[in-house]
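Undergrad: Residues per chain, in single letters:
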Amino acid sequence: MSEVQEIKLDRMRYTKNTTSSRLALLAIVFDVLFFISIYKSNVGTWYYNILMGASIIYNLVFMLAAFLSSESVKSYKAEYSYVMIILGVLQIVRIWIYPMSAHAAVVNNEPVMGTAQFIRVIIYLVLSAACLFAGAVINLNKSRALASRIASLEAGKA
Amino acid sequence: MAQLSLQHIEKIYDNNVQAVYDFNLDVKDGELIVLVGPSGCGKSTTLRMVAGLEDISRGNLFLDGKDITQTPPKDRDMAMVFQNYALYGHMTIYENMAFSLTLRKEDPNVIHKKVLAAAEILGLTSQLNKKPAQLSGGQRQRVAMGRSIVRNPKVFLFDEPLSNLDAKLRGATRREILLLHKRLQATMLYVTHDQTEALTLADRIVCMSMGHVQQVGTPLELYDKPNNVFVASFIGLPPMNFFDVRVAEGRLEGTGFSVELDAAQKALLAPYGGKEITLGVRPEDIDEGGTIPVDVTNNENLGMNTLVHGYVGGNRSVRISAKLRGWANHKAGDATMMRFKRMHFFDKTTSNAIRKEDN
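Residue numbers (the numbering used here), protein chains in the order written: chain A, 4 to 161; chain B, 43 to 401.
If you're looking for bench data, these hints aren't it; they were derived computationally from the structure.
Glycine included, every Cβ here is placed at the ideal spot set by N, Cα and C.
Label-pair ranges, simulated between beta-carbon atoms:
no.: 1; chain 1: B; residue 1: 167; chain 2: A; residue 2: 99; range: 50 to 60 Å
no.: 2; chain 1: B; residue 1: 179; chain 2: A; residue 2: 152; range: 25 to 35 Å
no.: 3; chain 1: A; residue 1: 122; chain 2: B; residue 2: 155; range: 45 to 55 Å
Just chain A, same shape as in the assembly:
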C-alpha cells in the first residue's frame, strides 16, 4: 500500500464518513419530492383509502430510518449499511404500489396520474434508492477498511 493510501486510510480514524451520510440525506430529499408530487395531485376521492394512510406513515418511518442511518454511517457503523439497502429495496418496491396503480387508474375519464408525473415520481424513487445503495456500499467498504486498519494498529501495539 502506498503512503498516500495509508494516510487516506488512517484519516478515517478521525474523520466522518460524510459521503454515505450525505447520500442518505439526499435519499430523504428525493423521497420528499416523491410524496409531494403524489399528495399535491387533485384526484377526487381516488387516493382516500387505507393505502394512502399507510403511505403517509411509511414516509415518516422512511425519513426517520434514513436519518438514523445517515447519522450512524457517519461513524462507519457497518450494520446501518444493511438498513440503507433494505430502505433502498423498499423504495424500488414502492414503484409498483402507488405510481403504477395511480397511473393505471382513471377517474371521471381522466388518468389519476399522468405520464409526466408518473415518470417524475419513478425517477424520484429510483434516485432515492440509488443514493441509499451507493451510501450503503461506500460505508461497507470504508467500515471494513477502517476495522482492518484499527486491527493492524492494535496488533502493532501488542
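Here the structure of chain A is known, so what remains is to put chain B in place on it, guided by the hints.
TA: Relative to the frame of chain A, chain B by itself:
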C-alpha cells in the same frame, strides 16, 4: 521562523483614548517575548495590533523586514491563542485542529500528517475523536495551541492563555508552553498580567503601564535592575517594600530607622545629599538581626519561607514585608530587628532608578 519589529507603534481609539504610546521592540528569530503589566496597560491591544485584529494608529510593523502594517490578519502568517480557547464545540479535536488548513483547501493527507504531528507534540493523540466539552481546561488550551502549531506560522501570539486555568493546571501548562517553545524554536509574543508566567517563560520581558513601555529586558534584568518604581513594584512576589528616606552623611534616614551606606552607595547617592529619595528593598533581601526595628503584625508560614509583615520604627504608616528563610514563629505585637541585605534607590521626583550608569 521570523523576526518581528514594532516601530513607534501607537493606538488611538475613535474616542481619542490612547491605549499604546510609542511602542518599540525588535523581536529576534525564535525569541519568546512576554508583555506584562496590569489590566488596561495596553499589552493585549499591542498583541491585537500585531495580529491585525486592531488597526495601528501610528507606526509600522515589520515581519522579516516586510512592512505588514496594513496587511490583513489572514495574510500575516501569525497564529493566535486566546484566553477562552475559541474552539468549535460541535467539532472533534481533530476537526478543530484541522479547521484552518481545511479552510485553506490544503491536501487532506497533508492536514492529517500535520494534525497528528501536533497532537503527538501536545499529548493529544488519544483525545482526537473527542469534543472540546469532554476535555479539561488545560487540554482545551493545548488544543488551541495545536490549532496554531498545524498552521506552522511565522509568529505565535498568546493572549493570556492560562488565565482560565486553576493554579495547578496553570503551572503544568506553563511548563508545556516552555517545552513547546524550546521544541519549535518559534518566535512567540505572550501577553500576561501574571509576573510568574513572565519571569518563567520569557527570553525578554516588556513591562508596560498606562500604555507606555516601562522596561524591556531579561527576567533577571527586570528583577535585579528595575528601571523605575513601577517595574520594581510589579516584578517580584511579594512586591518590593518602598520607604521615603533622606540621604544623610553616609547613611539613609527614614521614619524611625536609619541605614548605613557602603562606599559605592555613598558615591552613587552623593548628588542626592540632603534630598529625599525612595528606598526599595525586596522582601527576600531582608533578614533578621540588624538595626531596623520592626513591630510584627502577622506571620505567614509557607514551609521553606516565612512572610513576616509589620511596620517600621513604631510608625504604622511605614509597612514592611520580609521573606525570611525557614520557619519563623513571630506573633502579632512581637518586636524584632531586621537588616537590609540589598537596596534599590529611586529618584523621588522621576521615580527612575538611581544606578551607577545614571551618573
